[in-house]
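Asker: These two chains come separately, so use the hints to put the complex back together.
Protein chains in written order, with my numbering: chain A, 1 to 274; chain B, 1 to 360.
Simulated from the structure, these hints should not be mistaken for lab results. Predicted model, so just to flag it, every value in this text is computed and none were measured. Every residue gets a Cβ at the ideal spot worked out from N, C-alpha and C, and that includes glycine. There is no bait here: all hints are sound.
Rough simulated footprint, nothing fancy, chain B against chain A, three-plus residues with beta-carbon under 8 Å:
| # | segment |
| --- | --- |
| 1 | 126-132 |
| 2 | 140-150 |
Derived DSBU-like pairs: lysine-lysine, alpha-carbon spacing no greater than 30 Å straight-line:
| # | chain 1 | residue 1 | chain 2 | residue 2 |
| --- | --- | --- | --- | --- |
| 3 | B | K34 | B | K70 |
| 4 | B | K70 | A | K202 |
| 5 | B | K70 | A | K199 |
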Amino acid sequence: MASLSIDLREQRRSTDDLVRALALTTCFGGRTVLDGIDLAIRAGEVFVIMGPSGCGKTTLLRNLCGLLPPDLGAVSVRGHDLYSAPPQLLHHLRLNTGLSFQGGALLGSLTVLENVALPLRENTSLPEAVILDTARMKLDMVGLLHAAELLPSSLSGGMKKRAAIARAIALDPDIVYFDEPSAGLDPITAAEVDNVIVKLNKVFGITMVVVTHDLPSAYAIADRIVVLLDGRVAALGPRDEVWHHSDPRLRDFIERRLPAEDGSGMDVIRHIEV
Amino acid sequence: MDHPTITAGSTLDQSSVTALVDDLERTLRERPGKVYVDLGAVERFDSAGLGGVVAGMRRAKDLGCELRLKGLSESMLDFFSLVSVERLVSPSAGAARVDPVTRLGAMVEPMVDGAIAVAATACDALREFAVGPFRRRFLRLDRTAIEVDHCAAGALPIIALIAFLLGLILAMQAYVQLRVWGAEIYIADMVGVSLLAEIGPLMTAIVLAARSGSRNAAQLGSMVVSEEIAALEQMGVRPLAFLVLPKVVACAFAAVTLSVVFDVVGICGGALFAWGAAGIEFGAFAEQLRAALHLSDLTVALAKAATFGAAVGVVGCALGLRVKGGSEGVGRATTNAVVLGIFQVIVIDALFVTAQRMLG
Numbered sequence: 001m002a003s004l005s006i007d008l009r010e011q012r013r014s015t016d017d018l019v020r021a022l023a024l025t026t027c028f029g030g031r032t033v034l035d036g037i038d039l040a041i042r043a044g045e046v047f048v049i050m051g052p053s054g055c056g057k058t059t060l061l062r063n064l065c066g067l068l069p070p071d072l073g074a075v076s077v078r079g080h081d082l083y084s085a086p087p088q089l090l091h092h093l094r095l096n097t098g099l100s101f102q103g104g105a106l107l108g109s110l111t112v113l114e115n116v117a118l119p120l121r122e123n124t125s126l127p128e129a130v131i132l133d134t135a136r137m138k139l140d141m142v143g144l145l146h147a148a149e150l151l152p153s154s155l156s157g158g159m160k161k162r163a164a165i166a167r168a169i170a171l172d173p174d175i176v177y178f179d180e181p182s183a184g185l186d187p188i189t190a191a192e193v194d195n196v197i198v199k200l201n202k203v204f205g206i207t208m209v210v211v212t213h214d215l216p217s218a219y220a221i222a223d224r225i226v227v228l229l230d231g232r233v234a235a236l237g238p239r240d241e242v243w244h245h246s247d248p249r250l251r252d253f254i255e256r257r258l259p260a261e262d263g264s265g266m267d268v269i270r271h272i273e274v
Numbered sequence: 001m002d003h004p005t006i007t008a009g010s011t012l013d014q015s016s017v018t019a020l021v022d023d024l025e026r027t028l029r030e031r032p033g034k035v036y037v038d039l040g041a042v043e044r045f046d047s048a049g050l051g052g053v054v055a056g057m058r059r060a061k062d063l064g065c066e067l068r069l070k071g072l073s074e075s076m077l078d079f080f081s082l083v084s085v086e087r088l089v090s091p092s093a094g095a096a097r098v099d100p101v102t103r104l105g106a107m108v109e110p111m112v113d114g115a116i117a118v119a120a121t122a123c124d125a126l127r128e129f130a131v132g133p134f135r136r137r138f139l140r141l142d143r144t145a146i147e148v149d150h151c152a153a154g155a156l157p158i159i160a161l162i163a164f165l166l167g168l169i170l171a172m173q174a175y176v177q178l179r180v181w182g183a184e185i186y187i188a189d190m191v192g193v194s195l196l197a198e199i200g201p202l203m204t205a206i207v208l209a210a211r212s213g214s215r216n217a218a219q220l221g222s223m224v225v226s227e228e229i230a231a232l233e234q235m236g237v238r239p240l241a242f243l244v245l246p247k248v249v250a251c252a253f254a255a256v257t258l259s260v261v262f263d264v265v266g267i268c269g270g271a272l273f274a275w276g277a278a279g280i281e282f283g284a285f286a287e288q289l290r291a292a293l294h295l296s297d298l299t300v301a302l303a304k305a306a307t308f309g310a311a312v313g314v315v316g317c318a319l320g321l322r323v324k325g326g327s328e329g330v331g332r333a334t335t336n337a338v339v340l341g342i343f344q345v346i347v348i349d350a351l352f353v354t355a356q357r358m359l360g
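Isolated chain B, as found in the complex (with noise of 0.2 Å):
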């Protein structure tokens, strides 16, 4: 019985093999057995034009056929000697099929890992600030330092940007209900509440994971890579108290600091539309103002802004200093650091705003 032959051209390259890939393939789907592909016209070739053949061969394997190969020239026979042909056709491991509850415990895996560390670096942070003290180093100022100069006076145009415009907005929103009722006087009262207990805050800490929890999940996420982390550990220097206290308390001053600064300047922004807008004079505003706002306010307010300042800091740190797999995961820590930093100020303001209610 004769078995069919494909006869390659002289030139078997990039640009010439995709014909030859082709006619086998054609030739093979009518089951022949066995097929010859005769390479003796073959003056030039190129890797391509190689895998190509190797290519047919395992396609062949795969439809239960044989393939020989005939005439190889010796410069083809020196580049088959750098390759076993029998390791590349042979089917590859590639990815096992995996269940679907393995799957899903995949996907869940990261999270609860992620959850976990964030929980972990939170406990660990407290507990270096209150032993801190007794220690002979105990917060490095200078990091801090360095670290407040970027979390808090960096983002400062920013957030001053924002406050303003979101005051101007929140004074708009509520002239136009209130003009109705000829109420337009509380625009302070609407302004100056919702900025102070939980605009500002928020806002803050937004901003702040966006620019400084990515940031340490970044550097530290290098630093892990370069294996600087590691290095400091075996110098007997604490990476916790040398690099993550600095920046979460960093974190902590800038979002109190920076959330007094939104609620001024957002008020001012109020206070400005309220003016032009529909007349009302500063003194009135102020008076307006002093009458809706407590201490009390503040002091709760402040102490949310620090608590979501200190776990934006947490988060970015913990998400970076479990970085895996060299610059893909640093891109994860760093996506992860801002989503889940933010997620977990809404999540703690909601805890503030019920523990608030049921205390009265």
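Same shape as in the complex, but just chain A (with noise of 0.2 Å):
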């Protein structure tokens, strides 16, 4: 657990990189995902990944935070590469790492509060009173306070969000992966949600590593964005920047227009004998 002070919080702001990737390349059955991916998230920044479905967000995701080993490239955390550290600065660097899964991938035998105070049980020595209220101010910090007695079959997609992000955030980490934090929410919710990242962010300077394809979400949270296109670094840079790429693949993208019709849809007429 990092602990927080001003300096701290200017340190995490500093334009050090705090995760690079260096030429990412994974496969899954003979079909690459990501191809030769360069990037770097710098400490303290909203770092959207952005891209259609399929083309490799979650993959690169998953690489970065060290749960996939890439089949080439490797990626580093503060200096360190993390497929190569040895086991005991691996688990130093998980503590300070946060993940929130798509899906939640909260622990169903345990209610809200017990989920959150997890990482702290097993990973401090604190006193149980200290757990508790700890991991009752991350909920309340989520807005879950009230349901924090509930078992996660009982709470909605939204909810369930906003508590795996209070669970990523138990440990204090320097850096919190989310993956599609808005997929599946009303937008309400979605920004609601957009809302703790931005407002976590803010506060802690926590570095935030967001996938998304959820447009309006990426563009109200970003300092930086990564836009992947099959498997590749199609734009990279600040926010408008990238929202402004002349690329046509990404304004496509961007601008939510359909890709051009190669007229196969009615070949049909090739057919028809008149």
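Answerer: What follows is the structure, encoded as structure tokens:
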């Protein structure tokens, strides 16, 4: 758990690269999902990974946070190679990383409060009262204190995502990864989740890496954006720069235009005898 | 009147918060009315550190004292801007006290629910089986074949192994008793009758409950959790006909075939022991066996095995289809499918034996 102070917040917001991906290539069953991705995530920023479905966003996220080793290339966190780190260093890096899964991935047998308290119980030697009050504070930050005693099965989709965020920030990590935080939520609930992400970034200086294909959400929260198209980086830079990029495929995606018809849909005409 | 003040050090994080909490506890025990916590010297803090402060405020409130904070830095105020201290220290609803009758009811209710679900699924499966031939699609043979492959073919090695060893053991036990009277030839009767009438169908059903009953419950339970069952219903495909009936039929078929295999292999094991230990020739053993067993025994045994198999299939499917509460629910249903499956098999066995006695 990293201590917070004004100094540390400033330090967290430094322009140093917190995470670097070097020539990441990942394949599934002979299909290249990510093809030579190079990027750097700066400390204290909200970094959004965007792109159409199936472009490799979630794979990139899993590569970056240490869940899926790439076939080629490397990921470094604070200068340490994630996939060749000794177990102790890897454990330390993991404790400083939060991950909010798409479906929440809350443990079904534990209440919401116990889910959030779990990383504190397992990784610290704090007194029980402090663990519970810290977990309750995290739940209050995401507006879920009233649901603390409920089981995950009785939560709505948006509540599950917020509980997952509370659990991801339980140990005050330096960086939190979000997999599709607004997918499947109504615009108001999605905006609430976005608000939580921005609030935690502003107050704690936590680096946020958000995978999304929700354009309004990406625009609302991002400091910098990377857009992936077919497993490659199509654009990378500050939000407004990417938003006004001239690449036609990127424009199609951002302006939600359907790709041009190739005419194959009407080739039945060739088989009609007049 | 001077109120006590507790001063936090320069670091208030998970490594130092315990000392602050202990200090607070000691001070609060003297019921000072009001106590100050001075955070002015704190340069570094984390969530656990402030969690300790909130825990102290809660404790003070419980003891009827007032805890006031002093010297909060801007970053601490930023932190507290994300939460409501009032909400945090207000007593949580927690688990309401439940009276013993309600608690007993909560224990019994799932059992009753389970029993009703099993009975309802059994009735539905029976009705489906009866009216099925008049429908466009009766039994999905392709799906039934897959289930048979798992239930029967997959269980063959373990059934054969258990049967062989059990045949040996039964013969051994019989030999010890019968040797005293010089009646070793009756090993054939003991092994044959006990295997065919009781142990064959029963052991087969127990293995089936452990292998296939659990599989059915876990598979259907996961399908409920991932809304696959709802999707089937929405598409107009009845889960009962599409999923349950093939599984139940496959279980019944597997129980019959496996119990025949069990009997044959078990008798072979018994004969082998009788030959090796008591010197009874295989021909004499077979002759004795033929005299001891009647065709009606085999018919009853097979009917019993089929009923056991169907019951194991129904229990697994019924409990799987009513899973609630994600992975925890799937685990519970799987355990219950095995326990209830075996219990039900024993009850049915008792009913069979009673009926056999009454019918002579």
